Amino acid sequence: MNSPESVLDPAGPQSRQIGGLTWLFIWTCVIVFFMVMGTLVGALAHRRKDQAMGPSREPITHPDPIRERRLWTTVWASIVLTVGTLFTLLFADLLSGRAIHKVSQSPDPLRIQIIAHQWWWEVHYIDWPARFGERSASNGITTANEIHIPVDPAHPVTVEFELDSHDVIHSFWVPNLHGKRDIIPGHPTSLWLQADRPGTYWGECGEFCGYQHAQMRLVVVAEPAEKFQSWLDGQRQSAPEPTGEMQARGRDVFLHASCAMCHSIQGTDAHASVGPDLTHVASRKILAAGAVPNMPGHLAGWIMDPQRIKPGTRMPQNNLSAGDLRALLEYIETLK
Amino acid sequence: MSEAILHTETTELRAPAQPEAVASPVADELGPENERLALERTWRRPPGFLGWLTTTDHKEIGLRYIKTAFGFFVLAGILALHMRVQLALPKNTFLTNDVYNQFFTTHGTAMMFLFAVPMMEGMGIYLVPLMVGTRNVSFPRLLNFSYYLYLIGGICLFTGLAFNMGPDMGWFAYTPLSGPQYAPGHRMDLWSQMVTCVEISGMAAGVEIVTTVFKQRAPGMSLNRIPIFVWTQLVTSFMIIFAMPAITLCSTMLSMDRLTHLKTHFYNPAEGGDALLWQHLFWFFAHPEVYIIFIPATGFVSDIIIAFSRRRAFGYTALVLSMVATAFIGFGVWVHHMFATPLPRLGQGMFTAASLMIVVPNGVQMFCWLATLWSGRRPRFELPLVWVIAFIVVFLIGGLSGVILASVSVNVQATDTFFVVAHLHYVLIGGAVFPLFGAFYYWFPKWTGRMLNTAAGWWHFALFFIGFNLTFWPMHHLGLRGMTRRRYTYPEETGWMTLNMVATIGAFLMAAGVLVFIVNAMWSRRRGRVAGDNPWQAGTLEWATSSPPPSYNFLYPPTVRGREPLWEPEKEAPVIVGLSREKRQVLSTTVLDAAPHHRYDLAGESIWPFFLAFGVAATLMLGGIFNPWYVPGGIAVITLALFGWFWTSPALRERPSAQPHVAGQPRLWWLGRRGKSADVKSKDE
Amino acid sequence: MTLPAALSCKREERSFRVAPPFVEMPEAIPYNNRVRPGPFATTTPSTSQPVSVERLSHEPFGRQYLINAQALSDGQTLYGAFNCSGCHANGGGGMGPPLLDNKWFYGAEPEQVYVSILEGRPNGMPSYRGRIPDYQMWELVGYVLSLSGQASPNAAAGRSEHMTTALPPNSTPREKPEVVPQPTTGPATGKTATQPTTTSQPRQNGQ
Amino acid sequence: MYRFSKFRAWVGGALGIFLPLLNSTSLSAAEPAGDDGQWTMATKDYGNVRFSGLDQINTQNAKSLKLSWTFSTGVFRGQEAAPLVVGNTMYVVTPFPNYLYALDLNKPGTVKWKYDPKAEAAAKGEACCDWVNRGAAYAEGRIFYNTLDANTVAVDAASGKEIWKTKIGDINKGETITMAPMTVKGKVYVGISGGEFGVRGRLTCVSAADGKILWRAYSCGPDKDCLIGPRFHPFYDSDKGTDLGVKTWPPGHWKIGGGTIWGFLSYDPETNLLFYGMGNPGSWNPDLRPGDNKWSCGCFARDADTGEAVWYYQWSPHDEFDHDGINECMLLELKVDGPDKPARKVLVHPGRTGYMYVLDRATGQVLSADPFTRITASKGVDLKSGRSITNEEKRPRIGKVIRDVQPASPGAKDWQPSAYSPRTGLLYVPHQNLTCDYEAVEANYIAGTPYLGVNERMYAGPGGYRGKFMAWDPVARKEVWGIKENFPVWSGTVVTAGDVAFYGTMDRHFKCVNAKTGEVLWDFETDSGIIGQPVTFKGPDGKQYVAVLAGVGGWAGAIVAGQLDPRDPSAALGFVNAVKDLPDHTKPGDKLYVFALP
Amino acid sequence: MPEAVETIDVNGRRVLDVSGLPNTAMDAYAPVWWGNALLIMIESMTVLLVVASYFYLRRNFTEWPPPQPRTIPPLFHPVPDLALPTIELVLIVLSCLPMYWTDMAARRNDEAGVKRGLWVMLAIGVAMIALRFFEMQSSHLKFRWDDNAYGSIIWTILGLHLTYLLGAAAEFFIMQMWIVKHSFDPKHGLDVTLLGGYWYWTAATWVLCYGTVYIGARF
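Chains as they are written, first to last, in our numbering: chain A, 23 to 358; chain B, 345 to 1029; chain C, 631 to 837; chain D, 4 to 601; chain E, 29 to 247.
Possibly wrong hints are sitting among the right ones.
[As the list claims (entries may be wrong)] Cβ-to-Cβ under 8 Å is the rule here; a few derived chain E residues that face chain D:
id, residue
1, GLU91
2, PRO94
3, ILE100
In short, the hints are calculated from the structure, not lab data.
The model shown is predicted, which means the values in this text are computed figures rather than measured ones.
All residues carry an ideal CB built from backbone N, CA and C; glycine is no exception.
Please put together the full structure from these sequences, using the hints given.
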């Protein structure tokens, strides 16, 4: 019953705040629950000593006023207790909201633009602290469904996600790191988070968005700054030139079949942007927004019959000859 | 329209006014038996299919509401079972994503719009006139109309599903996903028109109940003596009146956005529309909707607790005021459904506070129930009470998870996950279905004259209670572990399988429980133990008449001297005489004190309401789905029906009835009777 | 009320997967048009295309798309994604001819439109052979025809979540298609004058 | 007076080119020193001034202008070309299929020969805004012009024989050519069109002798490709740095970055510099290309021999509304510093952005930038940083219609060239008053298909008129007079020493106006709307003639030329909405009109 | 004043004899009044929500109303024409007077007065509908409903109010028919007073809608 994506397994200051708050709420609720249950059992089972409360079935139309007053005192006390508890909870919520807001402010964040599509995540790194390289438009990277963020206890890096959607409402959610943020067309928004321990955190689309809402996942890889740096540098490279004949043929297949109508690979003539950028597709952990792991066999299945894996996805079925498919796979494997 | 009838009536109406002859105590020589026969003739609905179609009897229509709503409950439940099977295993292929989407949308829609609200309305329609001691609701034809509109709406939804036209964008149909571009075909059109139909019907029922409660209470039943269930219905009806315009408006806007030739831009962000407008309007309706469902259920709870603890309610005023407070605050918390959307933080804080505040009146209610139980006589564990106790347990969990969700920070983690699914089922099943089953066991004898089988009832309870908790408790965990709602599949590595499997097993237990109940009800209505008038020795007026009640409800409508009239030590409250036996006449009282004010003639059977319901539904369905040019034609039909309705509604002053009843039933009575008796063969013959 | 519902089966069907058979595209056919969108092609891989014969089995091949809401909606998406809208705008035309009207240079039968997309046309329409899977081409055909009201108005796409442009396909009056020759260089009046003419008698209609 | 003839074609390029050029430079400074009466390049002169020294037609007699003869080209598409007059021959380039006619002026209108470059028909689908051609250039007895399918041809002026044909671009990638080439010293400079297709803009220098490509200067990409070297000294800091053509784009995007060159080039023989503007960056939708998108939408000064960049100024960094920077750069000497100070060598550019830029020709410093039309798209030009100030309220966003953006995509003024009269000291600027609703949408790059990502609908700005012919005083920096026209004034203009200016309208009027007062002296109704460039020349009979091609089309007239459907306001990239009623006013045309005094 | 009498009947039961009570009631004493009032509440809620939507959508525009690019020449700040709606406003406000007289006549059981009043009101209702027909043209409103969200919401507001007018006119008509065909009776007297309430409400709603659509657009 171990689950990798849990709200109660926080990995960043924001989610830790929320996690703590959640526990506070849960325990308060547990206590309240048992108090009420105790009262309920008492109400049903306690012995009625009073004369007027005897075993008769006669209805009580004029209850004993003294008893009533005593009961009222209890009820009032409970109400006061309830209100007090609620105020405490409200206060705790406001405090944690403020705390989250505070840790979310950073003058020099790693800014990542996320464009949610039916049904995948387009990821652009648009700005970053200076130490991760020159800050220019051309130094940014474009990837899909996989976000790498640095973990640096010495100089924590706050990540600002700029969220937008160009089709329907999606919701960006990485349970281990922060709560959801709905991405509503016409209402671009942003979300700040931070990871303070390395790990691989799964994310989901939180708002129902159509046929493949279920398979619109993303993965956030939090890694030490050096690793992140090398990942970033790697992603900044163009795709390598094919080395063998097979790979060259694979690239030809990519460029000349329908692939290049939707996908781009930096360094080649494919610049389409309907589908994910595939320049470094082989370095990613998942395919098709988490529908299948990124392994050659799955990749082949995905290319040939995506509608079986993810019915309704925009990726069309293809039918490549065995040789072409093999060549294509071999080429794609080089796109680290 | 029958010329003959109109003609004769015209001449008669022009006759000089005479003092009206009514049954007076002096004229009542034959006593109750004569009264009974006369009332029977006046109030019984005409026989045959037309009689069935045109009935205005609140009991008949109320029961129809209940049965229909229960039918939709079962259908929607079957859809839920399919969904649970699909989710039992990761990467399951039992349902395709398309079918799954249609199923969960139809499930949610049917449960919210076709089951929960109409069920509560049905209970109110059946019980409120009885509880306030009158013979029928104020506008009986409106009742007929609202039922058929509801029925047609519901049938359309499920017919659509059967024909691959089930809505598939979730029961809150967020735009732009439900808009013209992303929801091709007519699936969402059908949904929004269905919603409009059902909500119009709901508003009609709301008007009905408010007027009945305000104007037709038994003399002496001042506002502070109204049974709590009637209060809940009153408050609910007001909520309906204020909340439902929002959904009819926003679903109409959605239809207009989608509809050929109209294609407006309310939700098109490019042309200045706003997807958030939908959310605001929808939740402005849909949050109060939860209370529309829940508050009547608290009425069941209160009345059952009162009956079983055998004492008058502890904190009657507190109960009523907290209910009213809930209703008010319920209109101010809709934004907590939208905490994850980009809204200003300050606003979110205020809505958090409001959402937490709503705990207070609910807490007060809970304390009052507990205090009533505590200070009443030791209760016998009959099934109604057992369900209510289960309600307290389950609803408390739902309420507390609601407290968790009221916090913005926690909400953004938990919203749109299975945690919310768990919460809303705990609140809605716990808060409404548990009391409802209690109410079924409690009032079944009133409806049928027979008790439900207790052994089967216990099985039902055990299966349902255990099944319910097995199904929905794990969902809290699933939600916190990242399982978002509305997903038709999930990968294995998420580790969600075990809990899902448990939930699926629970769902089948619940289904088995419901099955037991259905069998029990079928069996008991004919073969159950005969109940007698008041099997629970309860104190409210519905138990003052026979079980099941006669068509005229009370031979002599009661007056009231206290809050639990049947428990009042002074049993000798006077009964009412002097209402016309020949017309469907009821006593109208004043709003606050329920002092007798005047006699009020109710309308009789007519085909026009059905015709109108059909016209409205056809206009909405054809004009709102296929082509707006159907609308003018539909309006013509609607106008015609309204004219017919108006033309045949009763005049206040009618010709004195010289003879006790009209000889010979006019051939075209169904075009509209003025509430006069038809010549129906009485039972004795 | 059940009547429209009964009619809905085909319209509302959502079938995403194209059933086999796959057909080998005969590469021997010479291109009608040397403009082929996408990266420059030196060789053509031997792709074969999933063909949509059995996608829906109610109507004859090719016409099934005109009555299926999902196919028409997909067609709308593809029309934008493959830049059809760049030349034909939202039906009003631009670099390419308008698609809203009743004039068709190469025929308005679904098969003819299909060939236009597949092979291109000599006056600038590129050939999408091998670039777009066959069934998606048919979806495009359906959408393109729906622009002039040729598709079932109940299945055709409604307004998109964009700027108001032309009437959406579900509101477009059904045009009667008419095949007209393309006015390559001739005047709009129909007179085809390709020979240069000179007048030395000045016609004075100004001052 | 230097006069070309086929017998003297052997005279070297340098000499042959220089003389008209000397004319223009001297003209711009002082009294017109007469005119040879020829029209050897579309721009008339290297300075893009379009001033003719002929003065037979003047404000007094203009009203009696009569149609002299006409010629029908047989190509009913947008006629944007300027006819060339060399000696006794007039050369007319038609829209696709880009026929070149040589007409004998001795026997008015007779065809000497016709040359058909056999341009590829498929190019028609790759041309954004009709199949236009903006004219040819003459040098050394050869006519140079570009065909739509991205070839440059050299045709023997006498015989009509093709001398060479060089492929400049690939229509498979959406590369076409509509511009008129310019020849300087034995070199032919050719740009490329296709900013709507995400091509990589460049200026190609072709040897006039044999058609060999000498160098290419790209408008985006690494400095090496853009021929940016040690000589490059832009005035403003934002243009300094290495490889800005790469760094101001998202990775790899410069390969499809646009910055095409399809307007008129200017040349300053004193400094041997070429000046030209670059078009819009690839994909109209600005969201897809964060950054300044160098070197698109700007102006380069390059060495005419080597192509080395000398300075650069960007009219609209990170262009948001397809405000191409290709409008002509007029090389003038103006007393911008004050009446007492010496005249300064400036470059005047009536920008699509709606500002009249006056730049120092040597450094690229912006001396002034004044709005000459209503502007909501930006809030002015910051002279300190040289950047235009964005109006955040009108910033395009995906999925949101931004309303009332003026100037619309065709800009306050599009390609239609202005003229300058040194006699009046005024600029004559045909332009339009269009605003638009603009919605960015997702765009997909597929080579050979449009790369736009915008829904647009244009409409007339406040006032309701869509076009204007305006006289602008570049020294006083204000409008002197203006004539409002119902439709955009999409034709070029010419001003003469007779103090008259000519322009045509899309609703078929060819007008002659008093250059000083703006009074309309003469108005002739043609067969079709006019979007061409009027020229004036001295015929073999010594009379002054005025010629213009009438045939509506181009972007503005696409609704007529392409028979587009006015029900779709976004047709023709949104222009159709602005000129929905154009089909009621004109039909396509193919005619050359030549006028003269009786 | 008749009232219910508590007495003992012949069978010796305590009874409340209500036979002396009238069987007519006016205003809030009548159940129908409540039905009418509640329906008006529902509709008021609808109108308020539509108006709220109007202002909500307004936030999405920098100019309101936005420029109208469809016409030639295009319109900038194309506020809807004031003339017709103002006539409507004056007419509907003034018409409350004859409605009031009719209302009073009904209370007096003055059949002739009611008839006269209903004819006038029917004429006014039809006139309002006719005016609305001319008003609901793109040439007056400057926008079609499918131009943008502004067009959609103003058409919806006007259309919604039109349905109220249609309903009122239909009621005037049927009421008049009844009174002509049969005779006046207290039930229909009550109906006429309720119709009066409805009409006042319709007028008030128009003031709100007018203020929103016509005046609101000018600020």
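Hints versus structure:
{"no.": "1", "hint": "GLU91", "result": "holds (7 Å)"}
{"no.": "2", "hint": "PRO94", "result": "holds (5 Å)"}
{"no.": "3", "hint": "ILE100", "result": "holds (6 Å)"}
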